[in-house]
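**Student:** Residue numbers (the numbering used here), protein chains in the order written: chain W, 5 to 180; chain Y, 3 to 107.
No wet-lab data here; the hints were simulated from the structure.
No residue lacks a Cβ here, since even glycine has one placed at the ideal position from N, Cα and C.
Check before you lean on any hint, since a few could be wrong.
[As the list claims (entries may be wrong)] Covered stretches of chain Y, going by a simulated chain W footprint (3 or more residues, C-beta under 8 Å): (1) 16-23; (2) 69-82; (3) 92-103.
[To be verified] Derived SDA-like pairs: lysine to any residue, alpha-carbon spacing no greater than 20 Å straight-line: (4) Y/K106 <-> Y/I86; (5) Y/K64 <-> W/L11; (6) Y/K64 <-> W/L157.
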Amino acid sequence: MHLILFLIFAGFCLGGAINLLLQTHPINSALSLIVVMTSLAVLYLLLGAEFLAAAQVIVYAGAIMVLFTFVVMLLNAGREERTLGSHVARSIGFPAVVAILAVLATVILHLQGLGSVQMSDGITTTDDLSRVLFHELLLPFEVTSILILIAILGAVALARHGHGDTPNGREGTAGK
Amino acid sequence: MNFSQGVPISWYLLLSATLFSLGVLGFLIKRNLITVFMSIELMLNAVNLSFVTFAHQWHAVKGQIFVFFVMMVAAAEAAVGLAIIIAVFRARATLAVDRIDLMKL
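Using the sequences and the accompanying hints, generate a full structural model.
**Tutor:** Structure representation (structure tokens):
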């Protein structure tokens with residue numbers, strides 16, 4: 005049962021990620037990224053992280069991807085034209101990606117003492133999570149809220165209509 | 003490996019490594035600013051999967067809390083990054099990364 009669920013949703017993940025690379029229109033890439041994130045939420049649930057599965061759906065597949073699709077539609081992004089990119093990206097980047105994957109796979113396959121995930125492993129409840137979060141890690145939690153506040157202020161300041169000498173300023177002000 | 007025992011942890015880690023590599027690949031081959039940014043989100047998600055897997059392996063709640071923090075920082079990063087993309091589009095009227103190669107106009 006666990007194996008079947010894992011194979012199905014790992015397949016969705018990989019298929020969505022590959023589709024993200026193959027699509028030329030940004031809105032199609034955004035929709036495949038939503039598929040990846042929702043399947044990851046199911047995988048979190050299989051690993052017993054119920055709170056993170058909910059947060060993944062709400063924060064990532066919900067909030068962040070709505071922001072992405074919103075910007076894609078706001079900027080009226082069309083098809084991308086494929087170019088080959090720089091020589092550096094071609095000659096160093098692609099071998100480096102293969103090397104990263106090869107090294108990671110070798111290390112992972114040689115790791116000893118890793119167990120397996122079963123349905124009967126039990127879940128980490130939100131209760132356990134919040135107990136640690138609000139007793140031991142209260143200060144980082146509050147600092148993160150300040151970070152979010154600063155990020156919101158920065159986003160508003162950056163996206164606000166600036167000097168009036170720009171070609172597409174009208175659409176930007178209407179959106180934000 | 004006995005598959006009736008469940009799924010080996012290493013499969014989750016391999017999936018995470020593959021997703022990360024696909025994210026790096028997307029970062030290199032995509033030519034649209036927004037899609038390049040989406041590839042970064044894909045890499046963040048791949049690393050989150052590793053964190054949750056190891057948190058399950060070692061029965062450590064703090065691994066999951068770290069993923070929670072990564073999600074919050076990713077939300078802040080997405081808000082600021084997309085605001086920068088809007089500002090860049092306003093200044094250049096293009097989203098192609100090949101034409102956005104100067105810091106100043």
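**Student:** For every hint, state whether the structure bears it out.
**Tutor:** Status of each hint after checking the structure:
| no. | hint | verdict |
| --- | --- | --- |
| 1 | 16-23 | holds (count 7) |
| 2 | 69-82 | holds (count 13) |
| 3 | 92-103 | holds (count 6) |
| 4 | Y/K106 <-> Y/I86 | 14 Å, holds |
| 5 | Y/K64 <-> W/L11 | 27 Å, violated |
| 6 | Y/K64 <-> W/L157 | 29 Å, violated |
Hints 5, 6 from the earlier list are contradicted by this structure; the remaining hints agree with it.
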